[in-house]
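Asker: Chain by chain, the residues run as shown.
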Amino acid sequence: MPGLNSSLYIGLTGLSASQSALNVVGHNIANVNTPGYTRQRADLSSNVATAQGQVYFGTGVSLNSVTGIRDKFLDLQIYKETAVQTGADQRYSTVNAIATSLGDTSSSGLGAQIQSFFQSFQDLAASPESSALRTNVVGKAQTMITSLKTQYSMLDDQRRSADQSVGDLVTQVNSLTSQIAKLNDQITSTVPVGSNNDAIDQRKALTDQLSNLVGINVFEGSKGEYQITIDSGSATLVSGSNAYTLSAAQGAGPDGMSAVMSNMGPTGTDVTAGIKNGQLGAQLDLRDNILSGFQRQLDQVAAGISSQVNLIHQTGYGINAASAANHGTDFFQTSVANGANGLPPSITAATFYKGMVSSLSVNSTIVGDPSLIATAGAAGAVGDNANANAIANLQSATNTVDTNGNGVGDSGPFSSSIASLVGDLGTQVQKYQTQSTTQQNLVAALQNQRDQVSGVNLDEEAANMMNLQRGYQASARFINVINQLTDQLVTQFGQ
Amino acid sequence: MSLRTASTTQSRQSLLDLQRTQTRLNENTQRISSGNRLTSPGDDPSASAMILDFGTSIGANTQFLKQAGAATNYLTSTESALNTAVSDVTRLMELMPAASGSNASSTAAVAPEVDAIRSSLLSLGNTQVQGKYIFAGTNTQTVPFVDAGLPTNTISYAGNSGSISVGISAQANVVTNLNGDTVFFGAGGQGSSTDLFKTVTDLSTGLSTNNQALVQSAGANLSGILDNLNKMLATVGGRQAGLNDMQNTLSGLNVTLQGLQDNLQATDYPGTMTQFNNDQTIQSATLSAMSKVSKTNLFDYLG
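Quick note, the sequences are listed as chains W and Y, same order.
Just so you know, we're using my numbering here: the first sequence kicks off at 96 and counts up by one.
Just so you know, we're using my numbering here: the second sequence kicks off at 12 and counts up by one.
Because the hints were derived from the structure by calculation, they are not lab data.
Ideal Cβ positions, reconstructed from N, Cα and C, are used throughout, including at glycine.
Be aware that one or more of the hints could be misleading.
[Claimed, not checked] Examples of chain W residues toward chain Y, derived with CB under 10 Å: (1) 134; (2) 137; (3) 195; (4) 197; (5) 207; (6) 217; (7) 463; (8) 524; (9) 535; (10) 554.
Whenever a hint applies, use it, and build me the whole structure from the sequences.
Answerer: Here it is in structure tokens:
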């Protein structure tokens, strides 16, 4: 039979175990609103019994470990889906922001401006002698060009701002990966492995942040360390205690913008196209594909208008017979600068007419003398409107826009090309909106699931707290009883 | 068994739902105030593209109506010039008995009126509408009929045979001019028996020189010339009738197109308002539920 002293110790283990477990409860309560916090549990177990002959007497309780209650596979899934969600959010908000302007279906929209340019030719066809209507044609052409350029430069501004954010995001990614690598080191070097719950939580919170910034795949190694690669797998960001930085190489990307380089090997590798999600992935996609795609469509329409109008305009005659430019002149840009297809030589089908909107202008000779607008189909016939009619008819002509870059028109009329651009834009807005909502639901569901396992429930903690409080009180009471026994023994026998 | 619910779960879910309700409220407010169902092309991409297409068609039709209006202007002016020419020629025919008679005093009395009709016809040939000569072919800035003056008094044509057509639909054009030579010189051309100016000049010369033979031969041409003018009037009338039909069709079409566009674009007020009210109810219910849920927990009851 154990002595009174050892009974006292049993009471003591009860006190200290309850107090430690209360400590854990307190920690949980304190962190109820900490993002990424995983609730902890005090793992108590009874101590090894001591044998007295054939009877085994327990020796109280001890705290074995404090365990974080987590489902690590859920965590890994959340990182991945969060990155997709942020990517969709970012794409949605940018595309939606430009949609109101670029997708304007009213009379101030691009489609209406293009139509209005061709209608000014129709007006002129009804009265080719009118100098007011000639000036009107030049004015409408300039308005249309301004409209095209405004939309184009709005897209350009969005691309530039996306490009600027690349540098910032890369810096943030680097700061996070280096912290994660340090935490990996702490987590793997503690004994026993995985016991540093708060380091694991901190790493989770940082990885959550990282997944907002850049699409990542996370794997957990045998010692609990994270291996993080970018979502396409083309570069490693964190491997154990090593972080591999990214850098933004200015001027190395398309149109003189930045390329994202991975500094993993001795020489940097361009991973711009390998980052698909997160804010960084979304910004790169917007910059290099989505926004430039809309720019390309505008270039194609502008090239169609410039080339078709110029080719017909060259064949006609103006009403200023005295001028050398009365026949064979281009309406857009200066004739000297244009090639056989009525486009500047620097604009080619192979690059999908890149830069066409920027170089579009009304021929300055015509701006200076609108009587050179070639309305007539034959020389010297002032009232002849055959050529003006032919140009006006372009607005309803098909195959006027080359969309596949083979130099032959395959789309059109121009208004349909603009309508399809708006349709395309709308589809993209809808796609990213749906994707963003779906991902939001998925991430929320995953987070709820994670909370089910790892989140702090205050009622539960209160119940635990009451239990532990009672346990502590009982242990104290037990010590008191043993104390009284000892007292009895010492004082009663002592008399 | 019940699942654990972490204290943060409820607020996360409610917040997400609340944000979505607010977004919907915002969009519906925009729909109600703008009268436009689409707050962005993303609301309905295919409808956005169709609205643009309808808009393009409506714009094109409106322009064609404008063109048809311009064409009508020219044709109406041509018609009224022709009508005057017809009455001038009719008057000449009425004067013929007096002119071809043997009574010198009556022929002398007729002569000034014939001269007046000649110059009236000449100015008809040179009719200008909005600064252009309508009987000059495409040579609209050049005076088409020029009187050579004495001694021949020949009136020749300086215009051309170009036709001016105006597009009134994607496929159809209407020719807005009649060439002066076909109107005033007729099928035979200048100097022939169908030449109105030669005929009236001959009449005038015949009367002033008392050349009865010349007066009579010229007078014999008048009915053929009148026929030609009437034929021209019929041509113009036919074109005007065609234009009228086209204008009616285009206006009708535009009404239909606008109806279709409105169907795609206009806010469905009953539906939107119902959804708006629903969302408002949801919003206040969510807010009230959120405030109640977070109020209670076990700690409230621990002494």
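Asker: Against this structure, judge whether each hint is valid.
Answerer: Hint-by-hint comparison with the structure:
1. Checking residue 134 (chain W) against chain Y: minimum C-beta separation of about 8 Å stays under 10 Å; hint holds.
2. Taken as an interface hint, residue 137 (chain W) does not check out: its beta carbon lies about 17 Å from the nearest beta carbon of chain Y, beyond 10 Å.
3. With its C-beta approaching chain Y no nearer than about 6 Å, residue 195 (chain W) sits inside the 10 Å limit, and its interface hint holds.
4. Taking 10 Å as the C-beta cut-off, the interface hint given for residue 197 (chain W) holds, the closest approach to chain Y being about 8 Å.
5. Checking residue 207 (chain W) against chain Y by beta carbon gives a least distance of about 7 Å; that is within 10 Å, so the hint holds.
6. Restraint check, residue 217 (chain W) versus chain Y: the minimum CB separation of about 6 Å is within 10 Å; hint holds.
7. Hint status for residue 463 (chain W): violated, given a least beta-carbon distance of 21 Å to chain Y, over 10 Å.
8. About 3 Å separates the beta-carbon of residue 524 (chain W) from the nearest beta-carbon of chain Y, less than 10 Å, and the hint is met.
9. A least Cβ separation of about 7 Å between residue 535 (chain W) and chain Y falls short of the 10 Å threshold, and the interface hint therefore holds.
10. The beta carbon of residue 554 (chain W) is positioned within 10 Å of a beta carbon in chain Y (closest approach about 5 Å), and the interface hint is therefore held.
Checked against the numbered hints given earlier, this structure breaks hints 2 and 7; the rest are met.
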